[in-house]
Amino acid sequence: MDLGAIVHDRLRALTFELGGPGTRERLEKLTPPKNEYGVDPYGFDLDYTIAAMAPALWFYRKYFRVEVHGIEHVPAEGRVLLVANHSGQLPFDAAMIGVSLLVELDPPRMPRALVERWVPTLPFISTLFARMGQVVGTPENCRRLLAAGEAIMVFPEGVRGLNKTWKKRYQLQDFGQGFLRLALEAEAPIVPIGLVGAEEQAPAIADLKGLARLLAMPALPITPTILPFPMPTRYHIHFGEPLRFTGSPDDEDAVLDAKVNRVKAAIQALLAKGLRERTSVFG
Amino acid sequence: MRAPEPIHFPGMPKLVAITGIAGNLGKALASVLHTETRLLGIDRREFRDRPRDVEHHQLDVRKKKVEELFRRRPIDALIHLGIMHDPRVPFSEAHAFNVLGTQKILELCVRHRVRKVVVLSSANVYGPLPGNSNFLPEETPLMAADRYSDVRDLIELDMYAQSFMWKHPEVETVIVRPVHILGPRIRNAPSNYLRLNRPITVLGFDPMIQLIHAEDACRAMALALRPGVRGVYNIAGPGEVPLSAALHELGRHPIPLPLMVARPLLRRLFQARLTSFPPEELDHLQFLCAVDGSRAARDLGYAPVHTLRDTIRSVLR
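Protein chains in written order, with this note's numbering: chain A, 1 to 283; chain B, 1 to 317.
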């Protein structure tokens with residue numbers, strides 16, 4: 001057996017161990033389409049994902065000690081947009097929400113996150129993300145996945161939220177209307193998610209936008225640890241009740257903005273609830 | 001492999017002219033079509049091992065004599081494959097042949113009332129870009145010209161064919177954009193790459209690629225002759241595969257190079273004529289350039305006959 005296969009088997013075993021009893025049986029309920037090379041048309045490879053999620057699951061259980069609230073609001077099947085706030089400099093929040101859907105739900109759901117257009121230019125990361133079912137966030141991709149009944153994870157704030165500085169913590173940044181248009185078009189429910197804890201993992205003093213542009217990076221946050229490696233804050237993921245919208249995706253901006261603001265308000269309320277219920281950042 | 005059904009439909013054109021018939025793809029097309037209808041080849045190259053029922057005229061499409069041919073013979077349809085891809089040929093010469101040749105022959109079709117024109121383009125016209133959707137529809141802007149001088153001709157030809165389609169509604173024009181064509185006798189950049197025992201890959205990148213067997217691409221072009229069909233069609237193969245899995249299937253031993261090394265190295269090798277692999281093509285080893293082929297499946301009734309594995313392995317024979 002070659003080294004790759006040994007590592008793969010070890011990681012797979014680690015996933016089942018960290019996931020707790022029943023994890024294997026539960027993950028085996030996922031049956032994504034796959035061809036003779038083990039991947040779906042997007043390059044998602046479930047076998048690879050189960051192994052590669054072990055480090056994320058370790059972070060989930062041991063490091064951020066994630067607590068989930070209201071995960072039953074995620075529909076068991078069918079198209080859905082999971083819309084969350086984004087924070088923490090590095091997208092650990094996305095990974096943790098993804099893991100929660102795989103280990104806390106029964107049957108689990110494999111979320112497909114829409115990622116920045118920057119991601120495919122990164123060596124290793126681009127491949128890792130693709131094999132784990134993540135796709136570039138184009139409207140075309142989103143439309144196609146919703147039509148296929150998938151659960152799509154969206155962070156409408158993008159890097160504006162992810163790389164915001166400390167003084168803007170827990171303030172939702174500009175949302176844009178793209179996700180809402182797509183939800184209306186596909187008649188997909190929106191599950192709002194408020195994630196508390198990631199804001200404190202790597203507080204940014206400044207974001208060197210000029211230098212970031214020079215390096216072709218979306219942002220360059222400066223944190224006390226220099227590299228934005230997260231501190232072990234405790235994550236609380238609050239899932240809200242599904243929001244259903246009707247109307248035309250081509251409505252005027254004002255009409256769409258009103259709907260976007262309802263989603264934003266729902267997430268803001270979940271954040272407020274999470275902050276209220278939280279007794280300590282690390283505990 | 002399923003037994004390929006013969007290409008058969010009511011209203012099959014009685015005499016089909018094919019430019020570029022003497023190339024490997026042209027030969028494959030001739031063997032798909034010659035039992036179904038009469039074929040007339042136009043190519044400046046000699047047509048070796050020509051089926052006896054195929055008539056061939058060794059002519060440059062830009063020459064006056066071609067018009068005589070159109071005047072004399074009741075040509076019902078044209079399949080235009082006459083595009084030169086050889087990166088070694090000086091740009092200006094290839095350009096004159098590709099672009100002017102296409103203009104000439106399409107004008108002849110209007111003058112001599114040819115009812116159907118099928119133009120071979122390629123899915124490469126979209127270009128492998130990091131922001132690409134996983135499955136590009138036909139409406140995607142043709143962005144490849146941004147970075148690749150080699151496909152600039154192809155894009156110009158594709159755009160010319162599109163404007164021709166709108167300007168001449170009396171001619172049913174079909175533009176087909178197949179994904180990377182492979183086959184035992186096909187000698188294009190992707191198949192040559194897959195034939196390398198030690199191909200270069202870009203460290204940390206493993207895009208999903210789409211491949212099509214030459215026979216399937218030819219069947220799609222033949223199906224485009226069906227009366228009533230017009231427009232632009234992506235022609236996808238039997239599925240998507242990570243580049244690494246395709247190389248593994250062929251038993252290759254890739255050499256992964258960091259991007260910073262791969263690009264300058266390839267440029268030097270290409271300039272020194274030690275490789276025929278243009279440096280810009282490296283983007284195909286990094287980024288997606290995959291298409292949505294559902295429109296062709298719906299309108300042309302096209303479905304690949306060769307499996308994905310069979311298609312990949314076709315470069316071995």
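No lab work stands behind these hints: they were computed from the structure.
Fair warning: there could be bad hints in the mix.
[What the hints assert, rightly or not] Which chain A residues stay away from chain B? Per the calculated CB distances, all over 12 angstroms, these:
hint, residue
1, D9
2, H73
3, E77
4, P120
5, G137
6, W166
7, Q173
8, D174
9, V281
[Said to hold, decoys possible] Covered by chain B, per the in silico footprint, the following chain A stretches (three or more residues, Cβ under 8 angstroms):
hint, region
10, 121-127
11, 140-152
Even for Gly, the Cβ is constructed at its ideal location relative to N, Cα and C.
Cross-check of the supplied hints:
no. : hint    : verdict
1   : D9      : holds, 19 angstroms
2   : H73     : holds, 28 angstroms
3   : E77     : holds, 22 angstroms
4   : P120    : violated, 4 angstroms
5   : G137    : violated, 9 angstroms
6   : W166    : holds, 31 angstroms
7   : Q173    : holds, 22 angstroms
8   : D174    : holds, 21 angstroms
9   : V281    : holds, 35 angstroms
10  : 121-127 : holds (count 7)
11  : 140-152 : holds (count 3)
Figure legend: structure checked against the earlier numbered hints; hints not met, in rising order: 4 and 5.
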